[in-house]
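Starting from the given sequences, assemble the full structure and let the hints guide the process.
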Amino acid sequence: MLPTAEASKDETRSHHPAPDAWRVEVFRRAAVGDPEGAALAEAMAELGLAAPAEVRVAKGYLFAPGYAQESIEAIARRVLADPVVNEVRVLAPRAAPRPGPFQRILVMSRPGVMDPVAHTVEELLVRSGEVPRGGAPAVATYRVVELRGPHGAAELTQLATRLLANETIEVVRIAREDLPYGERFPQAARGRVTVPLLALGGDELVALSRTGQLSLTREEMLAIQAHYRSLGREPSACELETLAQTWSEHCKHKTLTGLVEFTPPDGGTPRRIDNLLKSTIARATHELARPWCVSVFEDNAGIVAFDQGHDLCIKVETHNHPSAIDPYGGAGTGIGGVIRDVLGAGRGARPVANLDAFFVGPPELPKERVPKGTMHPRRILRGVVAGVRDYGNRMGIPTVAGGVWFDEGYVTNPLVYAGTVGILPHAAAHKEVRPGDVIVSVGGRTGRDGIHGATFSSIELSEDSETVSSSAVQIGDPITEKRTLDCLLAARDRGLYRAVTDCGAGGFSSAVGEMGEKTGAEVELDGVRLKYPGLASHEIWISEAQERMVLAVPPEKLDELVALFAAEDVEATVLGRFTDTKRLVVKDRGEVVAELDMHFLHKGTPRPVRQARWERPRLADPGCPAPREGHARALLGLLAAPEVASKEWIVRQYDHEVQGNSVVKPLVGVRGDAPSDGSVLQPLASSRTGFALGLGASTRFGALDPYRMALAVIDEALRNVVAVGADPARVAILDNFSWGNCNEPDRMGALVLAAEACYDAAKAFGTPFVSGKDSLNNEYRVGGETLSIPPTLLVTALGIVPDVARCVTMDLKRAGNRLYLVGETRAELGGSLFHHLAGRGGGTVPEVDLARAPRLLAALHAAIAAREVASCHDLSEGGLAVAAAEMALGGGLGLALELARVPVASLPEGWDADAARLYSESTTRFLVEVAPAQAPAFERRLAGLPCAALGEVLAAPTLRVAGVSGKPLLELPVDELARAFHSAFHFQGGAP
Amino acid sequence: MSPMPRTDPIARALVLRSAGTNCDGETVRALELAGAETTLLHLNALARDPARLAEQDLVVIAGGFSYGDYVAAGRIFGLELAAHLRAPLERFVADGGHLVGVCNGFQILVELGLFQPGRPRTIALTDNASNRFECRWITLRSEPCAARWLGTGELMPVPIAHGEGRFVTGTPEALAELFARGQVALTYVDPERPGPAGAREKLLPYPLNPNGSIANIAGICDPTGRVLGLMPHPERNLAPWHHPRWTRLGAREVGEGLAFYRRLVAAAARTPA
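Protein chains in written order, with the numbering used here: chain A, 23 to 1014; chain B, 16 to 288.
If you're looking for bench data, these hints aren't it; they were derived computationally from the structure. These numbers come from a predicted model, not from an experiment. We treat Cβ as the ideally placed atom computed from N, Cα and C, and that holds for glycine. Please note: incorrect hints may appear among the correct ones.
Unchecked claim - With beta-carbon atoms standing in for the labels, derived distance ranges:
id, chain 1, residue 1, chain 2, residue 2, range
1, B, Thr239, A, Pro105, 22 to 30 Å
2, A, Gln330, B, Arg163, 21 to 29 Å
3, B, Gly265, A, Ala965, 30 to 38 Å
This is the structure we're talking about:
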């Protein structure tokens, strides 16, 4: 141990006294190294800070002051420190260490922010009797950075606020020891609070909605007022909050299900749309009526048949606003939340795969272009990756699919999508609530964290969002969720409950309100287990504290259920009962704090009419010039662009192998460094049936043509799963729209066009939408200006792979094999990466030939299923050039290609014929490697479709391309391709 | 075809789990495929009834993030075992039982001190040199050691997935002692140039040695050879299509990780199969 004598009473030295708590700081011994300190030094260099002569990082723990020194030292030795790795400093209450040559920075969570480390230590010490049971939280943690170097106060502040801490949820102490140990937040009283609004005018109602963070519109407030006038009484706070949560855009999809006056572009006739979701996306699903769609658009996740006895369920969620404010906590609770959606689908599914998709600003964005109140895109990306890593890995769910997209439009509004696939017995696909069932909450405790998350996510961000909305940000506790998952699935298999849902946005108010919609429910808040005292009744009711699920339990099964959870240290608490009154009654300490009519709660939302009108931007088509730098440099530039470059630094931080089911991994090829189109898993060892996951999205197509954008991203998602072996006749898709403020007619108009494309594509491909979730209002106010994100649709495809042993990967396999290009190349470079890197806007967005594309996918799948294909890769960003380069670097083999053979539609006058073939991003295209012996069979399958052998695989690792003229156009060693692919955009994903 | 569990079990295995264990599914599957009748049990249940150990030939502590691995990987699970099950586990091993910890299970066994019974601990698993959680495939070689059941010089491609897998010793003498007692069981090797078993290669570069472990050590055993811990996950390479390059390889019956579990179960079987 470091001698405690180093500590001194510091009251005389500082106006900021050290906390009245024992402190234990755990450092690493120099002999075993300090990788965390080394990574911090690297990150400092990236930030442009002077290199420290020495830097060390420690974990700090705080304990109540009443302990004897020997007890603290014993806890430190036994629990906190490793005898080989660590050295420890113990500080007495109110004592500060002598700083010596080191400057100290301390970071600690703000009071009320979830601290899973402290929670875990406290649980252990409660079990061992070293902390009394049932008291207020006694253990807290902090982080210590000690560094020696020439850093002044400004540099230390920069280090602390840009690398170490997020001041929204953490406090920073530089050269001060006054950690906020034991600070309590405002204590609220329990009981009914009446909110007088019957007498208010329209403006006052709007003001009430704003100050109360209800996010309700004038019309909605008026509807509520009218309802209470008819009842002849004022609402309670709890009722108003329940209505605000249930009516939030987040929970209700008011925009997609509302009324729209739509004026089509290009002079079409205006028309009224009643419920865009029902008339496009859900309509396609309904009309397709696939027998394998088990439960769609009605549960927490879409459910489709997998094999004889099992179904798959899938959900993809957005978690944009919380992630903008705290990337780490936002992404972590995003993945935690979508996992609970799958746990709450049917009677509960076992999660078998996670996916994530991030849309952030450019990684090389100059500092001065980062607006006030916004983090740099690199920091956001690091944070969200770490958040998904720390939550997903701890849950033991492989994160197998994902993507990162970049655009300056996401600087202030990053998008974070998280998705989960689960598997469940077919018999568990449906749920039922019966009057008399006991309402039981299982999992974590309720706290003040996450209040107003649903309403917060439905408003636009501003430069003040960081401070005003911090209570909407949370840190997850994945181990509590994992324990809950283990017990929940065991309880499902023993038939101990009838229905389950997750406690997400809106907390108990939404979970109980939804489950009891058809019956009624009576809740008593007295039994709710709280993290700490001091919450008002309505706060308990709407808290979005993580890691909670709500069950409907037949009374006779209650004891067995509670015992099952208790055996694994998970709390199960009775909240009340479902009734047959069609009313929602909430009581606290004998008093009724809310009484709502279920019909008004769920059906009382007014439906305003939105205007929608989208005009094509007036941009000249830039054509397609040859790259000024030559094709070799152009290709290397595309490979090194963040959009294309290797995401290995992200992929390998995720455990994509846990559960032992992976068949096609996210990285494939000789060196395991080439990007797979889709990922394939075999979720049941007893069956060779698998499933593939693939994503589609575009950041640049949408502004030019939202209709074609939606077609293209659906096509891309389908390409990604078909390329690895999924059957296109068994693909389900999901939509996630992230859009700007849809009260603006142009944003709403683009949304209508994209939704109509979803209908057309789903019908043409025969791929039903099975689930979706949207995030609207992704706008950012700074001063008087409002900025919107690019209209962004993420499409996720879940495809059944009939036999995993027939999957193919995208790496070239063998010299002498032929390489075919399947699909037609057209003059479609609008929104292409080639144009983007050259700074060119405008142009024609790729269209999908909805008659031909489904036939092409079916023919290609038949060839893959017949083992005629050695490798297959789809063409997406960067076109043919990038796809060929990726296949070559994946296989460590060369390619000789002739552009003259590319199946191509006629090109406009003045276009460079080679550049158009190499960089066009026309849809529904694949490069397919076929052994000579299989070539005749393969060509027969593709007969009638655009398909041509461009050349062959070379043993010599060089990519050679001959131009349309037949002359050599490009020759690059595969090593150089790989270097470009790996060189750029690689940064440490250290501490968030 | 997928390999099927044997219908005539040759040993009884218990897979121990707790809050945050997450490799229990594939571990049970591997043991069953290798011929063990396998029970999955929560730590709390075993702590209530330690006598259940006596019915087992083999105990495996599966991987995961027990109790979140907060404080340090495996610390809390190790403390819980020390508080409730140290003596029964020591007796189980002394009576001839096999005890294996994979990944988090290895970290837990190190915390419990079972590799150096009766002596102060001089070994530890700590943060990867890269300071990052990493999931990637590596190649293991079995070394001449007290766990003779592992075979010698066997090469096995398997994935790792951990953030705290760097094996360290407090002193150079402690490392020498591990070799002297035949405790170095599995090492990371370069699959292109694997070298003979027992060869003391210099420290391999990242990512061949994925975490910076001293002497490329991936797994160790106790002096009896019946307690083994390893960071990589053989249970994630059971089927022919688990290998990261299976689409480049010829027809395969099973994954290489299954051989590890077959040897383990055969060694643990108290009555010859």
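Hint check results:
1. B:Thr239 x A:Pro105: 22 to 30 Å: holds (23 Å)
2. A:Gln330 x B:Arg163: 21 to 29 Å: Given a distance of about 45 Å, which is not inside 21 to 29 Å, the answer is violated.
3. B:Gly265 x A:Ala965: 30 to 38 Å: Holds - the Cβ-Cβ distance for Gly265 (chain B) and Ala965 (chain A), about 31 Å, lies within 30 to 38 Å.
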